[in-house]
Amino acid sequence: MANRRQSVALGILLAPVTLFLGVFFLLPLGIIALFSVLTPGLYGGVEWAFYHWNYGRIFGWADGIIEIYEPIYLQILLRSLSFAALTVILTLILCYPVAFWVSRLSERWRLVFMFLITLPFFSSLIVRLYAWLLILKPSGLLNAALLALGIVDVPLEILYTPTAVVLGMVYVMVPFMFLPLYSAVDNLDRSQIEASLDLGANRVQTFVKVVLPQTLPGIMGGAVIVFIPSVGNFVVPDVLGGAKGLMIGNLVEQQFLSSRNWPFGSALSMIIMAVVLTVLLISVTRARKAGGHA
Amino acid sequence: MAPLLEIREARRSFVTPEGGRLAALDGVNLDVGANEFVTLLGPSGCGKTTLLRAISGFESLDSGTMRLDGADLTALPPFRRPVNTVFQSYALFGHMSVARNVGYALEVAGVARATREAQVAEVLEKVGLAGMGARRPGQLSGGQRQRVALARSIIAKPRLLLLDEPLSALDRNLRQQMQLELKSLQHALGIAFIFVTHDQEEALTMSDRIVVMRSGQIEQIGTPREIYRHPRNRFVAEFIGETNLFPVTIDRVEGAEALARTAEGVEMRLPGKDRRPGEQVTAILRPADFTLGGAGIPGRVTRAVYLGSDLYLFVQPLAGGPEIRVIARDGAGFDEGAAVHLAHDPARVHVLEAA
Ligand SMILES: Nc1ncnc2c1ncn2[C@@H]1O[C@H](COP(=O)(O)OP(=O)(O)OP(=O)(O)O)[C@@H](O)[C@H]1O
Ligand SMILES: [Mg+2]
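The listed protein sequences correspond, in order, to chains U and V. In terms of the working numbering, the first sequence opens at residue 1 and continues consecutively. In terms of the working numbering, the second sequence opens at residue 1 and continues consecutively.
Going by beta-carbon spacing under 10 angstroms, a handful of chain V positions derived as facing chain U:
(1) Y90
(2) A91
(3) I155
Since the hints were made in silico from the structure, they are not lab data. Heads up, the beta-carbon is just placed ideally off N, CA and C, and yes, glycines get one too.
Use the sequences and the hints to build the structure in full.
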């Protein structure tokens, strides 16, 4: 009885959010999924006929008559994945030691640092990326400094390269990696570290056997939060990447805006989503496995 | 024989948030013999944990020396010291099974898996956790966790085991059971224990020697009997067990006995050795040192607390002064308001030189 009344109450409470997500989240997703198997209209839009060549163009069953298979799409997908993975690794390497350092600061300096790390959220991403453009361009700040110091003779060509894209993504994603990492590090049970040292484990052993496993949830959380938006990112490559820095997000953008091929853009989106879902699924099941033992 | 652990003039002070300096260890000298059960006892904040952490290597000393088996300890990091600790919070590794927790010291020392597993099983058996190796610490009761912490810290056979209030999280029954088990385990293992407790009863029942500390200094070191019967000063007397303190002036000395009286006029007899008339001293008598009979200090029972086989009485001396606490056999009819006489054996009076 009580149980049933509870579930009714829960249903009523959850109804608005369910409705909202249903309309504004699942519906567009359904439309994209549907579009991805429809025929592109001659002047944009879709024609309501089944059409599998959108995927054929990407995965290689296009026959070269109706649509042409281009391996470049898979290459760009692969590139996006590797850029995203690189971004995860670099932000992790950057943030992990800093998280330890910050957790040892006094209350006051910790707050100052937290404010600084969230500061970028207060300003526009585009503006910040253009600032990077000014830094990285051949006559920019970085090269001026390197030349003045005599470290290089000719300006480095960083702008419009994959390096610039990864650099930009690392810059954008650092706060997203830092926050979950910091929370994991801050919640570390220090007495366990002492227990490990006390039992004869040296610092490296203690790190590998106690600190790392304890902060693993934070690492996984940060990795997922950084990886997912990085795979589909199109703003950073738009501003800082040239042709070699193009990512799959840019392809989608092109298809919807300049090429006006919505079904093909939808097919590309579906692939990004499939990748992201796979990553999420793996991390969730792994986290569940780890949690199940604890 | 040289002691196992030798601490000389250990000093450690902390800067307090208020800006002052606080001496957590203020010239501590302590020897611990191999296979000895030593208890650190003292009020909160007196430096017990700091002393343990200095021995285990998690706190450095400002000055002083520490030797274990004659070898200097102070320069060694915690993981090189043949000393293990049972932490108050247990500090079990939550992401590892009980067996891996217990075998951790062997694992990091590079002991082969088969040997390790055999030893883990043996130690788990010893602490009464046979067959629980596959569990996670989160799946154990408080008492079981306590045993895992203990098993984990003895598996590598340290020379010295440090225990910081290991029993304080357990309920009374479990606590008493663990006291006995710890004591017999210590005997069986032949490891020296330094045990921290707040609980003077625990200290009295378990220790070979008790170290009473106050404000970073050692007030007295002795066997439980010495500490209880012959406290060196008022602080120790009052900290260990129930005490009646009588500031008295010696009236006269008659052979082996001295006659003394308090300012209010309560009269009592003390051992006469070294006493001189007119001298002011403090006489100490435990509640169980009195017998109720026809002679002795006249008084009136103000409160009687039933303790089972005994009665705990508060007796107001007719002459005045503070109430005297007395333990008497139940059944004698000492109700509140009853007139009684408190007699005592002069030989059982402990005398502190200072009044
Ligand atoms: N890291 C530290 N920084 C500043 N002061 C400290 C630090 N560690 C201990 N102290 C101070 O040193 C004194 C001794 O502390 P310690 O923890 O050794 O006491 P304790 O005898 O173990 O007390 P308890 O019985 O409450 O556990 C206390 O006054 C404490 O406030
Ligand atoms: Mg303490």
